[in-house]
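K.L.:
If you read the sequences in order, they're chains A and B.
So in my numbering, spot 85 of the first sequence is number 85, and the numbers just go up one at a time.
So in my numbering, spot 101 of the second sequence is number 1101, and the numbers just go up one at a time.
Because the hints were derived from the structure by calculation, they are not lab data.
Given the structure is predicted, the values throughout are model-derived calculations rather than measurements.
Take these hints with a grain of salt, some might be off.
[Said to hold, decoys possible] Pairs of lysine to aspartate or glutamate residues, derived as EDC-like cross-links and limited to a Cα-Cα distance of at most 16 angstroms, are as follows:
hint, chain 1, residue 1, chain 2, residue 2
1, B, LYS1042, A, ASP38
2, B, LYS1099, A, GLU102
3, A, LYS44, B, GLU1056
4, A, LYS67, A, ASP30
5, B, LYS1099, B, GLU1056
6, B, LYS1042, B, GLU1107
7, A, LYS41, B, GLU1005
8, A, LYS44, A, ASP30
9, B, LYS1099, A, GLU53
10, A, LYS41, B, GLU1039
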Amino acid sequence: DTAVSQTPKYLVTQMGNDKSIKCEQNLGHDTMYWYKQDSKKFLKIMFSYNNKELIINETVPNRFSPKSPDKAHLNLHINSLELGDSAVYFCASSQSLAIHYEQYFGPGTRLTVT
Amino acid sequence: GENVEQHPSTLSVQEGDSAVIKCTYSDSASNYFPWYKQELGKRPQLIIDIRSNVGEKKDQRIAVTLNKTAKHFSLHITETQPEDSAVYFCAAVYNQGGKLIFGQGTELSVKP
């Protein structure tokens, strides 16, 4: 059973397009996250949601819009894609907002913008 | 500001040797410090963590030490094996929203 899953695994698209990445967790966790990992492997948090409520919204262009239809799902929609958006996007989940709970990462979505 | 510095960026050791990766953090209020291992093309996975009320924690060949006064924490891997080769990330939690700030990563290569 996959704990945190993401679709698609790979996404190749042209500049200016709009795309979505979906994330689902079957761990019963309350909190979900989106991270971006750039070409230098740097991992940076973008958003977090707790029970469908936005908690963390880092300095991310408003072309990025997360949506949490329920606490098991957190999707990421990106408008007007730019070359600099090329990266691996990881979804993660944790039991709650309490700081000491492990964050479980999904397999990642490699986004390539041409 | 929120910052975690990690060194070295690359580390090459012979199988059986020890490896040490060091991190410093900026916010004295941080009180949880996890370490993640990321194999090539895979997801980051937690390997060990430490809370601020503890100075050291061990799990088989892996240990983490924390010096809250100096705002330093380190990962120690003993008797390294080729399967330890991966990128290792330290992290510190900032504020109560579970916000993890990651270090820049250390690419560890264990040569047989």
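K.L.:
Would you mind marking each hint as holding or not holding in the structure?
P.N.:
Right, here's what the structure says about each hint:
1. Between B/LYS1042 and A/ASP38 the alpha-carbon distance is near 14 angstroms, which keeps this suggested pair within the 16 angstroms criterion.
2. A threshold of 16 angstroms between alpha carbons decides the hint, and for B/LYS1099 with A/GLU102 the separation of about 12 angstroms falls inside it, so the pair holds.
3. A hinted pair counts as satisfied when its Cα atoms are at most 16 angstroms apart, and A/LYS44 with B/GLU1056 does not qualify at roughly 27 angstroms.
4. At roughly 15 angstroms between alpha-carbon atoms, A/LYS67 and A/ASP30 fall within 16 angstroms of each other, so this suggested pair holds.
5. Only pairs whose Cα atoms come within 16 angstroms are accepted, and B/LYS1099 paired with B/GLU1056 is rejected, the gap being roughly 23 angstroms.
6. Taking the CA atoms of B/LYS1042 and B/GLU1107, the gap is near 14 angstroms; set against the 16 angstroms cutoff, the hint holds.
7. Taking the CA atoms of A/LYS41 and B/GLU1005, the gap is about 14 angstroms. The hint holds against a cut of 16 angstroms.
8. Between the alpha carbons of A/LYS44 and A/ASP30 the distance comes to roughly 21 angstroms, so the proposed pair goes past 16 angstroms and is violated.
9. Simply put, B/LYS1099 and A/GLU53 have alpha-carbon atoms about 15 angstroms apart, close enough for the 16 angstroms limit, and the pair holds.
10. Taken as a hint, the A/LYS41 and B/GLU1039 pair is honoured in the structure, with Cα atoms around 12 angstroms apart against an allowance of 16 angstroms.
The structure fails to meet hints 3, 5 and 8 from the earlier list, while all remaining hints are met.
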